[in-house]
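Asker: Starting from the known structure of chain A, fit chain B onto it as the hints suggest.
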Amino acid sequence: MMQKKQTFTISIYTENNVGLLNRISSIFQRRHINIESVNVSKSEIKSVSRFTLLVKLTEEQIKKIIGQIEKQVEVIKVFYHKDEETVYQESCLFKLNADLLTDNDEIQKIINSSKSRVIYIDKTFFVLEKSGTKQEVEDLYHILNKHGIMQFVRSGRIAITKPLMNVSQMLNTWK
Amino acid sequence: MATKTQEKITKITEQQIERISGAEAVVKCLLAEGTDLLYGYPGGAIMPVYDEFYKYKDKINHVLTRHEQAAVHAAQGYARASGKVGVAIATSGPGATNLITGIADAQIDSTPLVCITGQVAEHLLGSDAFQETDIVGISTPITKWNYQITKASEIPQIMAKAFFIAKSGRPGPVLIDITKNAQFDKFDFTYKKCKSIRSYTPKTKVQQTKLQEAAKLINSAKKPLVIFGQGVILGEAEAELKAFIEKAGLPSAWTILGLSALPTSHILNVGMVGMHGNYGPNVLTNQCDLLIAIGMRFDDRVTGNLETYAKQAKIIHFEIDPAEIDKNVKVNVAVLGDAKESLSNILPLVNENTHQNWLNEFKKHDAIEFDRVIKNQLYPKKEGLTMGEVVKEINTFTKGDAVIVSDVGQHQMFACRYSEFNQTKSSITSGGLGTMGFALPAAIGAKMAAPKREVIAIIGDGGYQMTIQELGTILQTKIAVKIVVLNNDYLGMVRQWQQLFFDKRYASTEMLNPDFVSIAHAYHINAKRVTKRSDLASAVQDMVLSDKAYFLEVYVEKEDNVFPMIPTGSSVSDIRLE
Chain A
1 MMQKKQTFTI SIYTENNVGL LNRISSIFQR RHINIESVNV SKSEIKSVSR FTLLVKLTEE
61 QIKKIIGQIE KQVEVIKVFY HKDEETVYQE SCLFKLNADL LTDNDEIQKI INSSKSRVIY
121 IDKTFFVLEK SGTKQEVEDL YHILNKHGIM QFVRSGRIAI TKPLMNVSQM LNTWK
Chain B
176 MATKTQEKIT KITEQQIERI SGAEAVVKCL LAEGTDLLYG YPGGAIMPVY DEFYKYKDKI
236 NHVLTRHEQA AVHAAQGYAR ASGKVGVAIA TSGPGATNLI TGIADAQIDS TPLVCITGQV
296 AEHLLGSDAF QETDIVGIST PITKWNYQIT KASEIPQIMA KAFFIAKSGR PGPVLIDITK
356 NAQFDKFDFT YKKCKSIRSY TPKTKVQQTK LQEAAKLINS AKKPLVIFGQ GVILGEAEAE
416 LKAFIEKAGL PSAWTILGLS ALPTSHILNV GMVGMHGNYG PNVLTNQCDL LIAIGMRFDD
476 RVTGNLETYA KQAKIIHFEI DPAEIDKNVK VNVAVLGDAK ESLSNILPLV NENTHQNWLN
536 EFKKHDAIEF DRVIKNQLYP KKEGLTMGEV VKEINTFTKG DAVIVSDVGQ HQMFACRYSE
596 FNQTKSSITS GGLGTMGFAL PAAIGAKMAA PKREVIAIIG DGGYQMTIQE LGTILQTKIA
656 VKIVVLNNDY LGMVRQWQQL FFDKRYASTE MLNPDFVSIA HAYHINAKRV TKRSDLASAV
716 QDMVLSDKAY FLEVYVEKED NVFPMIPTGS SVSDIRLE
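Line by line, the protein sequences are chains A and B.
According to the working numbering, the first sequence is numbered sequentially starting from 1.
According to the working numbering, the second sequence is numbered sequentially starting from 176.
Worth double-checking, as some hints may not be accurate.
What the hints assert, rightly or not - Partial list, derived from the structure: chain A residues whose beta carbon lies under 10 Å from chain B: (1) Tyr13; (2) Thr14; (3) Asn17; (4) Gln68; (5) Ile76.
Worth flagging that the hints you see were computed from the coordinates, not collected in a lab.
Think of the CB as a built atom: it goes at the ideal place given N, C-alpha and C, for glycine as much as any other residue.
Only chain A is shown next, with the shape it has when bound in the complex (with noise of 0.2 Å):
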């Protein structure tokens, strides 16, 4: 039976070394996926890094892509969510001219129903933040688009999950 493919989020610890960016990324390279997103942040623990990525494969093909990450000497666990079982945001930057400001007040409306935040002004443009899923993101790229992006960037997704991954504790044990 085929399964269907969905979004995965991988939250991997690790320990916070040079190349190791390199080798979890080979896994996916090696077998032709994808990764639609990435980030990599300190963790909850010191000196723990954690890698937040995004992928779209059958639960098959995930638990064992989770096999070969967990397998490699400096990864310390990995898990793997669906969406409903996390908590996530991804985050975005807009430079806009700043004309748009001054001609009428579309664009304030558009920052007020989007929920985003003007984080810089200059004589020339000003820079829009926005927080929110990607769909959201997405909604309020359109809205800008008609008005003229300057320069647009968005972060990987960053999550948080819902159910509990224990590292702490699994460190804690391992001393």
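Answerer: Relative to chain A, chain B alone:
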């Protein structure tokens, strides 16, 4: 008492602080890990370490191969014959990239290796300096672990980790890249062996409940079949395997890398599974009611078409690597842990049995295979020599005590199908990667690991020429490796496929070969060519009796094929006998 005092002394020396260079520290780390033999090739970025080899030449033997690829293969041969970690060393740039094939081979065949490469000085990294290459980046997907050292003070801890990671759990190759400044810099050296890494679990503790589940299936099975792989050899579980299968009366087949873990003559040894394996175990894989996989990974060359592989059977998988569970074949019971522990713990849980009728099924299939395939290989009526009869002659004179190192291709299949083995770690071949050129350097390493054993490399005329330069290493080290080239003037395995699946369009498989005997003579290696059956036995005898290196070329039938054969994509039970 004596050993305790010894331990104390070692502890003190281990922790003694000395101010030395990074290069000297590399040598001291190797010695502390018990490495007194390594293979390599010098060059600019690794020269400080070579300078230390010169100083430490009484304690550490550096074998100069003629190409870095051969250094890794020799280290692999050494590791596979000894069970220890093999060490290879090379310079930066091309020296490092020449290691790649061997590292990939070691990764797929789970061979414990530590590869050391020199690197340009830290301040030159990323500047496209002379002989600079990103070897850590390049080797990432084919190493168990790799690391770039840029400070001398990192050397002891990283080297200790390298050896620990290479050898523990499912073994594999580790690459350590050391910048030149780190080799020159002086620091306070102390060495402590690595015993654990917090993010790394080499082996899971065997779960008793899983053993009970497995034992229940084994005790109720009517037609059980064991397939064991290299996990048994790597886990040194040969005796435990034997005890387990003997008690429960389990017919046992092997994968190509499991070969020699169980003596050929053992009553329960039913032969090889896979593409060119034996008829019985392949056909009966699809008739057994319980498949017990031990330290093997259901490679596609073993399973054929997965859709029709052992669908009727329950499957138990004894495996050290959690990522292998359900990777290719879904199993009913997975027993995680190392083979030695699992098999010794399951022994008291299994009932004594003989499964005589079921074992007879294998014998029936053996008789068919003998009649249709083996007889013609071992006792040919045709004029041309067969590869099988050469292997049979080798058996006659080595009595199953030799280490057989085979290359890749038709001769490899004949070597593995027909060689007889009395003891473990005796078959060394490139199974997963299928690296032509592996055998000659690997045989050099194997002979150095087991100097008292006869080591015979069986190679085709194609693969031989991929690392033929290693005759130079044999000349210089005077290592008594025996080389048998089975020459058919073809890249035989590819030619066989062209014959069977490409309507005999022999594209680039015919070889115009040089005079191999003259080449051997040029390296001062005794050599002989055999073209007639009547000369074969005495030539093999001369080779085996020689206490020096010896080269034997046997001119075999040009268009002979390896059978049985499971064509790619076919079911194991659709194995062809001709």
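Asker: Does each hint hold? Answer for all of them.
Answerer: Consistency of the hints with the structure:
no.	hint	result
1	Tyr13	holds, 8 Å
2	Thr14	holds, 7 Å
3	Asn17	holds, 8 Å
4	Gln68	holds, 5 Å
5	Ile76	holds, 4 Å
Comparing the model with each numbered hint stated earlier shows that all of them hold.
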